[in-house]
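Work out the full structure, taking the sequences as your base and the hints as a guide.
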Amino acid sequence: SAIEKSYTELSHLGGALSLECYQSNELVAGIYGVKSKKYFSCESMFFKIDNGSKFAFLKLVEFLRSEGQTWMDLQMITEVSGAFGGKYISKFEFLQKIS
Numbered sequence: 001s002a003i004e005k006s007y008t009e010l011s012h013l014g015g016a017l018s019l020e021c022y023q024s025n026e027l028v029a030g031i032y033g034v035k036s037k038k039y040f041s042c043e044s045m046f047f048k049i050d051n052g053s054k055f056a057f058l059k060l061v062e063f064l065r066s067e068g069q070t071w072m073d074l075q076m077i078t079e080v081s082g083a084f085g086g087k088y089i090s091k092f093e094f095l096q097k098i099s
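Using our numbering, read the sequence shown as starting at 1 and increasing by one per residue.
Worth double-checking, as some hints may not be accurate.
[What the hints assert, rightly or not] When the alpha-carbon atoms are kept at most 35 Å apart in a straight line, the in silico DSBU-like pairs for lysine-lysine are as follows:
no., residue 1, residue 2
1, K38, K48
2, K5, K35
3, K48, K5
4, K5, K54
5, K48, K87
6, K38, K91
7, K5, K37
8, K87, K38
9, K54, K87
10, K59, K35
11, K48, K37
12, K59, K48
13, K37, K97
14, K59, K97
15, K91, K59
16, K87, K37
Derived by calculation from the structure, the hints in this document are not laboratory data.
This is the structure:
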């Protein structure tokens, strides 16, 4: 699909990031999005096992912190992101963070 092709190209340029979690060689959870110098914009996450998306989210946060990133755009607060302190911010605050 066009979106798969676009994300693959963006990934090769360092602008897309995905994190996959495996259990016994089976893909059980994952998260992907767009990475910029200042932040990560989470596009989607999935899970096949209990707490799989929470584990993927934690591993992503660890990785982003190691890269010097300090925040991510979750687009909406879900049960997972809310459990880790996700909150809505104003458009003004968002624009300040990305400029």
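Hints the structure fails to honour: none
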